[in-house]
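Q: Let the sequences and hints guide you as you build the complete structure.
There are 2 protein chains.
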Amino acid sequence: MLKVTLLGTGGTQPLPDRALAAAAVTVGGRSVLLDCGEGTQVGLRRYGVSAYRLSAVLLTHYHGDHILGLPGLLQTLSSLNRTEPLTIYGPKGIEPVAQAVTALAGPQVYPVRWQVADEPFHIDTLKITPFPLTHRVPCCGYVLALPRAGRFDPARARAAGIPMPYWKTLQRGEPVGGCTPEQVLGAPRRGLKVVYATDTRPCAALEAAARDADLLCMDATYADDADLPKAELYGHATCRETGALAAAANVRRLWLTHYSAAVTDPAPGLAAARTAYPTAVAGYDGLTEELEFDREP
Amino acid sequence: MLKVTLLGTGGTQPLPDRALAAAAVTVGGRSVLLDCGEGTQVGLRRYGVSAYRLSAVLLTHYHGDHILGLPGLLQTLSSLNRTEPLTIYGPKGIEPVAQAVTALAGPQVYPVRWQVADEPFHIDTLKITPFPLTHRVPCCGYVLALPRAGRFDPARARAAGIPMPYWKTLQRGEPVGGCTPEQVLGAPRRGLKVVYATDTRPCAALEAAARDADLLCMDATYADDADLPKAELYGHATCRETGALAAAANVRRLWLTHYSAAVTDPAPGLAAARTAYPTAVAGYDGLTEELEFDREP
Numbered sequence: 681m682l683k684v685t686l687l688g689t690g691g692t693q694p695l696p697d698r699a700l701a702a703a704a705v706t707v708g709g710r711s712v713l714l715d716c717g718e719g720t721q722v723g724l725r726r727y728g729v730s731a732y733r734l735s736a737v738l739l740t741h742y743h744g745d746h747i748l749g750l751p752g753l754l755q756t757l758s759s760l761n762r763t764e765p766l767t768i769y770g771p772k773g774i775e776p777v778a779q780a781v782t783a784l785a786g787p788q789v790y791p792v793r794w795q796v797a798d799e800p801f802h803i804d805t806l807k808i809t810p811f812p813l814t815h816r817v818p819c820c821g822y823v824l825a826l827p828r829a830g831r832f833d834p835a836r837a838r839a840a841g842i843p844m845p846y847w848k849t850l851q852r853g854e855p856v857g858g859c860t861p862e863q864v865l866g867a868p869r870r871g872l873k874v875v876y877a878t879d880t881r882p883c884a885a886l887e888a889a890a891r892d893a894d895l896l897c898m899d900a901t902y903a904d905d906a907d908l909p910k911a912e913l914y915g916h917a918t919c920r921e922t923g924a925l926a927a928a929a930n931v932r933r934l935w936l937t938h939y940s941a942a943v944t945d946p947a948p949g950l951a952a953a954r955t956a957y958p959t960a961v962a963g964y965d966g967l968t969e970e971l972e973f974d975r976e977p
Numbered sequence: 681m682l683k684v685t686l687l688g689t690g691g692t693q694p695l696p697d698r699a700l701a702a703a704a705v706t707v708g709g710r711s712v713l714l715d716c717g718e719g720t721q722v723g724l725r726r727y728g729v730s731a732y733r734l735s736a737v738l739l740t741h742y743h744g745d746h747i748l749g750l751p752g753l754l755q756t757l758s759s760l761n762r763t764e765p766l767t768i769y770g771p772k773g774i775e776p777v778a779q780a781v782t783a784l785a786g787p788q789v790y791p792v793r794w795q796v797a798d799e800p801f802h803i804d805t806l807k808i809t810p811f812p813l814t815h816r817v818p819c820c821g822y823v824l825a826l827p828r829a830g831r832f833d834p835a836r837a838r839a840a841g842i843p844m845p846y847w848k849t850l851q852r853g854e855p856v857g858g859c860t861p862e863q864v865l866g867a868p869r870r871g872l873k874v875v876y877a878t879d880t881r882p883c884a885a886l887e888a889a890a891r892d893a894d895l896l897c898m899d900a901t902y903a904d905d906a907d908l909p910k911a912e913l914y915g916h917a918t919c920r921e922t923g924a925l926a927a928a929a930n931v932r933r934l935w936l937t938h939y940s941a942a943v944t945d946p947a948p949g950l951a952a953a954r955t956a957y958p959t960a961v962a963g964y965d966g967l968t969e970e971l972e973f974d975r976e977p
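If you read the protein sequences in the order shown, they are chains A and B. To get the working numbering, take the position in the first sequence, counting from 1, and add 680. To get the working numbering, take the position in the second sequence, counting from 1, and add 680.
Some hints could be false.
Same chains, same label: a pair holds when it works inside one copy or across any pair of copies.
What the hints assert, rightly or not - Once the Cα atoms are required to be at most 20 Å apart in a straight line, the calculated SDA-like pairs of lysine to any residue come out as:
hint: 1; residue 1: Lys-683; residue 2: His-802
hint: 2; residue 1: Lys-910; residue 2: Ser-758
hint: 3; residue 1: Lys-910; residue 2: Leu-760
hint: 4; residue 1: Lys-848; residue 2: Glu-862
hint: 5; residue 1: Lys-772; residue 2: Gly-786
To be clear, the hints were calculated from the coordinates, so they are not data collected in a lab.
A: Pasting the structure below:
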């Protein structure tokens, strides 16, 4: 099971009921934080995501509405006596951000590491794949994939003479005692795939990354089609564009997020997104869903 | 009339219903911001204090829970197209804070000035007097005084042959056309005085600064008397101490603020403060009072 929680769904300015960009993806009680706008640590508390059990932070880019919650979050993790290192990933240009955040937040009691995300990597059981978005500064989206091993075949295990105490380990996809998972597992099955993509224009890289995803959380800054010139100027999407991209990428779920502060009613934007993607959901702070592997036939 | 609004009443960590330290003092539609913890710009919106009409920021010290809302606030003022310079005051050591905040927030479209507050100064009609607090780093409290001119005496004005068109200006305490306010005004009357003092131990400088104040907003980090050793170690006050200082300084109103994140129920701390100061008020985010000049006898 993989749980996704939107912690903040606003762009540029926080509103009383809409914090700035942040989301959490939780697997096995540990969470990856995506973006960290001002108010993120309150969102973690409010929506029941453990700050103490954060495994990493993935930043899409370095505009203030995506990073200004970091100094306070880092200090809070110190006050919680974190000892585990925390790695903060982001696109190129992370060094001056690291310096400014560190200068303002001061030293922490645990190691803080800053890492340019330019190729796929793993965090716990999640495979994270950064990909380029189209914004007015370097910006990347993230694919978070939870793989699912093939079905275990006890007949093959017995035929190969693999001792039963090894079976559980092999089922998890890990080799043990000279035996390999391939000896006893069928082809890998469909896992879970969540794609987080803000801030961005609709673009081919995003459509490719989002292909067949279980959930796409995407920039939906502007509700009104008439704001398309602003979307192009500032590197955002209109809700109609967001719906169209989700439909083209054949995703299973679409959540709109990163609303302009001028959007006070999500309904018109949602209607625009639904012209192309009828089951689009208007994201809000605290929106949570638990995604499960497909049921076996 | 002078309005005081508590925007955030927490220390160290923000909670869902308790933002970090910040308060606003508003006179004539313009506000002085005291401290700027994470969440302050949301508090301004939520409690109806115009961010656009901020006249200055007064920082007590540079711990994160008092300053980490600054980068976001500065950016928001740019997005509101502020043109007026903004001066941020604080105790010695402001230069590296200025550098780190500026590095993280980037350049703004209006001038941002940083100023060590080591002597009294004026902001609009308010006289601001910084004074030293007793914390574990350099820290200052602020007296915000709204003076009140003496009573206008029309008989003296007529006797001195002062033209009536000048009267209004002289009443406001300003000279005009060779005439001075002293010619027509009685002795200055009691004005309004608000004292903001956190983070601090109780101390003589605070008691002197708070003497006869209309309102004292003071550090009340710990509810329980048993936490006195922690209060001494970290440079804070227990609620009982806060009440005792308010009583000794003969203030007219006391608001407790800057609660430890461990304080979830304000009642026990309030009871402790009231043993010495029976009308103490437990501060909360959004607490507001409009203070008026004394009625004339």
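Q: Hint by hint, say whether it matches the structure.
A: Each hint tested on the structure:
{"no.": "1", "hint": "Lys-683 - His-802", "verdict": "within (17 Å within a copy, 53 Å between copies)"}
{"no.": "2", "hint": "Lys-910 - Ser-758", "verdict": "between (41 Å within a copy, 18 Å between copies)"}
{"no.": "3", "hint": "Lys-910 - Leu-760", "verdict": "between (42 Å within a copy, 17 Å between copies)"}
{"no.": "4", "hint": "Lys-848 - Glu-862", "verdict": "within (14 Å within a copy, 93 Å between copies)"}
{"no.": "5", "hint": "Lys-772 - Gly-786", "verdict": "between (23 Å within a copy, 17 Å between copies)"}
Violated hints are absent here; each numbered hint is respected by the structure.
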